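Protein sequences, first through last, are from chains F and B. Residues 1 to 427 (full-length UniProt numbering) make up the first sequence, in order. Residues 1 to 427 (full-length UniProt numbering) make up the second sequence, in order.
Quick caveat, the hints were computed from the structure, so don't treat them as lab data. Here the structure is a predicted model, which is why all the values come from computation and not from measurement. Careful: at least some of the hints might be erroneous.
[What the hints assert, rightly or not] Taking beta-carbon pairs under 8 Å as the criterion, some of the chain B residues facing chain F (in silico):
(1) 59
(2) 60
(3) 147
(4) 175
(5) 320
Glycine residues also receive a C-beta, built at the ideal position from the N, C-alpha and C atoms.
Number of protein chains: 2
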Amino acid sequence: MKTLKVGMLGAGVVGSQIARLLIANKSDLASRAGANLELVSIAVKDSKLKRDGIPAALLTNDAKSIVNDPQIDLVIEVIGGIDPAKELILTALKNGKSVVTANKALLAKHGAELYAAADKANVDLYYEAAVAGAIPILRPLRESLVGDHVIRVMGIVNGTTNYILTKMDENGAAFADALKEAQALGFAESDPSADIEGFDAAAKAAILAGLAFHSRVTDNDVYREGISKITAADVKVAKAMEMVIKLLAIAELTPEGAVSVRVHPALISRTHPLASVRDSFNAVFVEAESAGQMMFYGKGAGGAPTASAILGDLVAVARHKVNGGIGPKESDYADLKIAQIGQTKTRYLIRLNVADKPGVLESVAHVFASHQVSIQTVRQTGAGDKAELIVMTHSSNESSLSATVKDLKNLPVVTDVASVLRVEGVN
Amino acid sequence: MKTLKVGMLGAGVVGSQIARLLIANKSDLASRAGANLELVSIAVKDSKLKRDGIPAALLTNDAKSIVNDPQIDLVIEVIGGIDPAKELILTALKNGKSVVTANKALLAKHGAELYAAADKANVDLYYEAAVAGAIPILRPLRESLVGDHVIRVMGIVNGTTNYILTKMDENGAAFADALKEAQALGFAESDPSADIEGFDAAAKAAILAGLAFHSRVTDNDVYREGISKITAADVKVAKAMEMVIKLLAIAELTPEGAVSVRVHPALISRTHPLASVRDSFNAVFVEAESAGQMMFYGKGAGGAPTASAILGDLVAVARHKVNGGIGPKESDYADLKIAQIGQTKTRYLIRLNVADKPGVLESVAHVFASHQVSIQTVRQTGAGDKAELIVMTHSSNESSLSATVKDLKNLPVVTDVASVLRVEGVN
Ligand SMILES: NC(=O)c1ccc[n+]([C@@H]2O[C@H](COP(=O)([O-])OP(=O)(O)OC[C@H]3O[C@@H](n4cnc5c(N)ncnc54)[C@H](OP(=O)(O)O)[C@@H]3O)[C@@H](O)[C@H]2O)c1
Ligand SMILES: NC(=O)c1ccc[n+]([C@@H]2O[C@H](COP(=O)([O-])OP(=O)(O)OC[C@H]3O[C@@H](n4cnc5c(N)ncnc54)[C@H](OP(=O)(O)O)[C@@H]3O)[C@@H](O)[C@H]2O)c1
């Protein structure tokens with residue numbers, strides 16, 4: 001049996017698990033790949049540090065030596081970030097090595113350049129682990145659904161924010177307290193902004209949108225709102241309406257044939273399949289013309305789950321090296337436009353604190369009507385100084401809705417616009 | 001751009017949708033496959049019959065002419081059944097054509113012979129549509145999880161039985177009434193035995209087991225029980241215990257390293273992800289060593305969803321014809337043994353009608369203990385002549401459990417063993 005030499009860049013949370021599994025499952029992986037996969041070198045920042053289960057002789061702090069080593073056939077990149085990951089991957093590809101990576105940040109920003117380099121070198125660049133960890137979602141989108149037309153992809157793709165929102169829903173906790181709990185348990189980093197402000201989800205949304213719609217989409221194309229403004233009061237209202245708040249990464253076709261790609265918190269019905277995705281689990285809901293509605297559910301992060309996805313890709317690219325051929329390339333033939341957020345249509349739930357006087361509802365309704373935003377339901381709670389109006393709109397343009405909210409804020413009877421939330425999963 | 005000629009065998013529920021989509025989505029499919037996919041011939045039983053959207057000139061009743069036509073590159077088989085599908089596929093493969101099929105019955109019985117023929121001819125034999133319709137599950141198992149060790153696959157893979165069980169759960173309907181409703185709505189055939197006796201699910205279980213465990217598994221290896229004995233009383237008890245009854249196709253690794261593969265109704269907790277799979281939807285729950293728990297959910301049947309899966313496969317095999325290479329082959333290197341059902345361990349829920357006398361519980365408990373079946377909980381309901389004992393066991397061998405039930409039936413204080421149901425999704 002042939003032997004393929006594997007070099008790995010990084011041995012952190014994910015890389016250490018990959019190394020462990022490559023060694024422990026050597027013989028199964030060989031049977032499945034049709035070649036021995038021999039881990040010959042691992043680049044880290046600190047090559048002097050002892051690492052459990054990793055032979056010290058494999059470690060180097062010279063990452064370039066790996067991507068330039070003519071003996072090495074396959075490269076795994078699990079350093080993360082743009083620099084030096086980008087140059088290392090480009091060099092590996094140019095040198096004829098197939099590359100497997102989990103680097104969503106890099107792919108969302110420089111995907112086009114990397115795909116072109118892989119194409120030019122006629123090697124594989126695989127990255128199933130970059131979105132939703134262990135859940136097979138990129139391969140199904142790229143291969144299983146390639147004979148269909150995807151209409152919408154809607155995912156819970158960030159475990160940290162889903163954990164926080166789950167705790168807020170379960171315990172009525174405030175955002176800050178739920179975040180602290182997540183940090184204490186290791187579900188959120190000490191600087192949590194990449195997660196809670198939606199940057200991580202936005203990178204994944206860009207990758208999903210590009211594959212689903214055969215177009216080029218980068219992180220800059222993604223409209224983004226995080227969850228830090230979600231209050232316990234929002235969660236309580238959602239509950240009362242049998243809904244739940246989730247941070248969603250959405251990529252959908254607009255009626256005009258553009259792609260709307262966005263990340264924001266949204267209300268969904270408790271009966272929606274995504275509503276039962278709790279804690280740090282991830283799930284991606286896909287709607288396609290012929291296939292209908294699908295959902296893919298599982299662990300979105302963690303060393304071992306992410307390593308599982310990386311090794312699946314590694315076996316695939318190894319098979320290609322053994323048997324010839326190459327995986328399907330990124331296709332951007334459809335070249336769809338990105339829809340402006342102002343033109344994106346959704347339903348909204350708006351909570352207003354109002355004076356409890358006759359005529360309040362009339363003046364509020366007038367503001368909505370003046371912007372062609374039509375109201376589906378209005379509910380009034382409390383009384384006296386604390387009266388609250390909860391307005392659910394029909395599907396409306398984001399720009400009309402923004403204009404409505406601006407005018408509501410200036411309305412004398414409105415003390416405060418307490419919150420504005422999108423409602424997804426209904427038409 | 002190159003043109004690949006496609007021949008199709010069958011134009012029924014699935015075939016007619018494939019033909020429609022091949023024509024309607026011609027240009028998208030070409031961009032994605034890298035070649036025009038031209039449907040040149042369709043075999044049917046009655047070639048004189050007019051068919052909506054299908055040019056009459058494409059129809060023939062000579063299926064052999066398609067698989068022997070040297071002009072044809074790719075063959076789609078959607079006739080179903082063993083004869084003549086098997087010979088037609090074998091001939092097509094031998095003649096160097098890649099084949100895409102949805103024929104689970106054939107693959108579960110003669111898979112090994114067909115895979116060997118494809119291997120010998122160095123062409124693709126793809127069949128994503130054979131299990132769970134539009135849901136990408138075979139490709140994820142075969143490719144995405146190839147670097148991992150699957151521990152268990154547990155699926156709701158038959159829409160008809162899931163529809164019936166959902167109605168029994170929602171309305172407290174009797175089996176016969178729910179079946180009649182399903183037939184009236186077209187969710188069950190007039191002869192429903194392939195579905196309700198679990199034959200269809202068993203074929204799918206065999207295919208899933210083979211892929212998950214890299215072993216050869218045929219429909220004869222699958223232990224099978226249908227749902228026709230499930231009563232409204234069973235459903236009621238399940239509900240009271242916050243569980244739901246589902247027909248499950250299970251393939252799992254036993255502690256001895258064999259594969260247990262079986263289809264039977266079972267109780268699962270209402271909090272299990274499979275519990276919320278309702279009506280005719282399908283879902284497959286997968287547990288793997290590194291990836292953890294995953295679920296794949298969607299439409300398991302229907303013309304358009306099944307056609308979506310077929311077209312995904314068609315584009316994949318077309319790409320291979322254009323770019324060289326070939327998809328991953330079935331691997332059976334692990335060659336695991338099939339576990340006997342007697343050795344399979346599960347938990348059980350047993351309902352007994354008993355006399356309401358002192359000492360009843362003692363003699364019942366004695367029978368369980370004598371077969372080393374340990375009891376987790378006992379609940380007594382009713383009183384007088386109608387007393388009922390509901391016993392939940394810990395995990396037990398099927399053979400010990402059967403011996404227990406036999407002895408219980410002979411116990412004077414037991415009037416009747418009302419039902420014996422497996423409990424899944426807990427350890
Ligand atoms: N963690 C997850 O659950 C998860 C899930 C999905 C995707 N991902 C992605 O997987 C990638 C890796 O994540 P991770 O959590 O494993 O990161 P990590 O724990 O921070 O590990 C990074 C590794 O890269 C090494 N490294 C950093 N700079 C280097 C340089 N210039 N040259 C050589 N080695 C260098 C570090 O070396 P030292 O060990 O010496 O510091 C460390 O071993 C990222 O792209 C991430 O987005 C992670
Ligand atoms: N229906 C689903 O939802 C579904 C889902 C997943 C998988 N599948 C699988 O897909 C396959 C097709 O199912 P289906 O529901 O489309 O079946 P179907 O509606 O019964 O269609 C069968 C087709 O095959 C043709 N045919 C039968 N015998 C033939 C012969 N000897 N030579 C040439 N043509 C012949 C029939 O011709 P006529 O039209 O002239 O009668 C008909 O067009 C089966 O393997 C099934 O298990 C079906």
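Consistency of the hints with the structure:
1. Here the hint on residue 59 of chain B is broken, as its CB sits about 22 Å from the closest CB of chain F, past 8 Å.
2. Contact between residue 60 of chain B and chain F, as hinted, is not supported at the beta carbon level, the nearest pair being about 24 Å apart and thus beyond 8 Å.
3. Using the Cβ-Cβ criterion of 8 Å, the hint placing residue 147 of chain B at the interface with chain F is satisfied: the shortest such distance is roughly 3 Å.
4. Restraint check, residue 175 of chain B versus chain F: the minimum CB separation of about 26 Å is more than 8 Å; hint violated.
5. At its closest, the beta carbon of residue 320 of chain B sits 7 Å from a beta carbon of chain F; the interface hint therefore holds under the 8 Å criterion.
Of the numbered hints listed earlier, those contradicted by the structure are 1, 2 and 4.
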